[in-house]
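Q: Sequences are here, hints too, so could you generate the full structure?
Protein chains: 2
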Amino acid sequence: MKIKYELIKKDSNCSARLGILHTNHGSFDTPIFMPVGTQATVKTLSPEELKEVNSAVILSNTYHLWLRPGEDIVNKAGGLHKFMNYDGPILTDSGGFQVFSLAKPKDIKEEGVSFKSHIDGKKLLLTPELSIQIQNKLDSDIAMSFDECIPYPSTHDYAKASVERTLRWAKRGKDVHSNQNQSLFGIVQGSSYEDLRKYSAIETTKLDFDGYSIGGVSVGEGKEEMYQQIDYCINYLPEDKPRYLMGVGEPEDILEGVMRGVDMFDCVLPTRIARHGNAFTRCGKVNLRNSKFKEDFTPIEDTCDCYACRHYTKAYIRHLVIAQETFGARLLSIHNIRFLIKLTEEIRESIKNDTFIDYKDKFLNKYFNKE
Amino acid sequence: MKIKYELIKKDSNCSARLGILHTNHGSFDTPIFMPVGTQATVKTLSPEELKEVNSAVILSNTYHLWLRPGEDIVNKAGGLHKFMNYDGPILTDSGGFQVFSLAKPKDIKEEGVSFKSHIDGKKLLLTPELSIQIQNKLDSDIAMSFDECIPYPSTHDYAKASVERTLRWAKRGKDVHSNQNQSLFGIVQGSSYEDLRKYSAIETTKLDFDGYSIGGVSVGEGKEEMYQQIDYCINYLPEDKPRYLMGVGEPEDILEGVMRGVDMFDCVLPTRIARHGNAFTRCGKVNLRNSKFKEDFTPIEDTCDCYACRHYTKAYIRHLVIAQETFGARLLSIHNIRFLIKLTEEIRESIKNDTFIDYKDKFLNKYFNKE
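In order, the protein sequences belong to chains E and P. The numbering used here applies: residue 963 is where the first sequence begins, and numbers increase by one. The numbering used here applies: residue 963 is where the second sequence begins, and numbers increase by one.
Treat the hints as calculated values from the structure; they're not laboratory data. Be careful, since some hints might not be right.
Remember, identical chains collapse to one label, so a pair may be satisfied in a single copy or spanning two.
[To be verified] Calculated cross-link-like contacts (lysine-lysine; reagent style DSS-like; alpha-carbon spacing at most 27 Å): (1) K1254 - K1084; (2) K1085 - K1332; (3) K1256 - K1160; (4) K972 - K1160; (5) K1044 - K1332; (6) K1085 - K1133; (7) K1314 - K1122; (8) K1085 - K1254; (9) K1328 - K1314; (10) K1044 - K1314; (11) K1044 - K1168; (12) K1085 - K1256; (13) K966 - K1328; (14) K1136 - K1044; (15) K1168 - K1314; (16) K1013 - K1085; (17) K1256 - K1078; (18) K1324 - K972; (19) K1038 - K1256; (20) K1122 - K1068.
These numbers come from a predicted model, not from an experiment.
A: Written as structure tokens, this is what we have:
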């Protein structure tokens, strides 16, 4: 069965939308944040802990699983869900972002991208067809088309040629996609150019995917430019399909994305900053390494309902972080993922009540200490 | 309240004994294995996971907590139990072993031991009184006397002088011990010398501690020599007090210790070998890095009831270990601790049935593949 997106309602004051995405591994409400399980595990967490923070869907990386342990092993295990003991929905990316960011040097040809493995330097070629074939074998619920992620800034000429190539790659990937239980998303590119983002959205939509991703958004000169890149394309995407803003997970970016009509977000941020001792709070990020927390016997946030905040103090978590105990990163990861999941829960509630704009303003004022 | 040891029964064929140790944080059956939470956390595990593997009592290290975060912070948190969110019994060591093994160079005087911190090289002095005062503040259920851990081999002259000093240190520590909710153990030393082990046991017992540890046992020329060091002293320890063999945790050593009348064991082994990809099994240790497990979709042990064995395959855990995901070390730690806890459960059952010797032989034959 393919996924099915159900649009429940739109906020009366903006493009924020409430929906339900039905998958073979359960349904979940959107907008949603997806924790990232790069190597078939959300770093430091068990599947049970993901459920406890009310996480509904996770992302895993095709590039990493292709290299280690290899898609055939995952397939023999019965697919990614069985391999990693996770029975919720899983989305896989295409590997496109990783071959352009992790694996250098690379050679971009019409056929695909040649690059050296970041693990052992072995020369490899990832093509649109291979990316889809790997994802078919991983058996995720949602797969991504293989796209070219170009650097920022890029010239209009290069960005245009790249959008055309990404469209050809999307078509080639779709043609070989054979897993009937897996849905496939197309990816809108176009760098910072309005005409290219629009063109990419319209042409990608013509290929008729099960959902649409907005890829390659970059902060560029500032966050406003990044939000603009969403504005350039999102209204050309069909209303009856889910929209996924790739690799974005700062609270402010989730809020700006939702306001523009985005349904899905993912980011390594909550687990990555956790490993460096950082915690999200309603008043901004804090670093638990700070000595002011040495004798702070209160939780990270009094109002948070996560396992870390219900049982542990900042002083203890600080000790774990300083002493390099992985249980510290685990507690912070639980808290940070819960923070973003809770954010999306509140976002959905506000859309239901047509109060999203108000919620967003209040959240951001507090988060950036503007109160 | 001090601990209370209740001797339930002895195996009719050897010195193995079944008992119950009552503490302020619950009672547990002996013989028992204690996982080690060096820095106020059993590496990679939550307190809930410790309960799930039926772990009853843990050990934490005074030396490490003294240096980080400091005993005053733990005390202000309400003691070690509250600090680390663990409501079961906790035993702390004296720091003696660490100042002799981790912190070099050192200067051993009658007053105490001068050494450099293994963290920042700062010069420190640990005395028998300070060790007890730190443990009083940590508020563990069971504290250890500060002892001198001498290298193997040592001359009889040096070992004798050291035993005498350890006795004077034990007395000095006992004199300043002021936490009425904390019990205090004396430690038998004496290296590999029969006369010194006997003398140390008799003289330490005269000081009337709440329990007795056997410290400084070393493999020396072979494991038989280590077991001999237990034989030299254990019969001079009172029957109505618990006996703890320090730092010992290989399955064969637990079995040999139990046969000689030991009640308590601790070791970092199950969590340390987990971090290197190793798992205990009934047929010996296996390393999950081995490529033969690449496509092995069975659990570490079919018969094991731990979380890792109920939900994950060797192929998946191998992938996590190779990909350096801490969830791999966590699953292996859960399994390895459960393995040793289960071993002590079976040991207790066999003592109850007067079949300990038979159980021990069968276990070791299988473990060392002699069947």
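Q: Determine which of the earlier numbered hints do not hold for this structure and return their numbers in increasing order.
A: Violated hints: 2, 3, 5, 7, 10, 11, 13, 15 and 16; rest satisfied.
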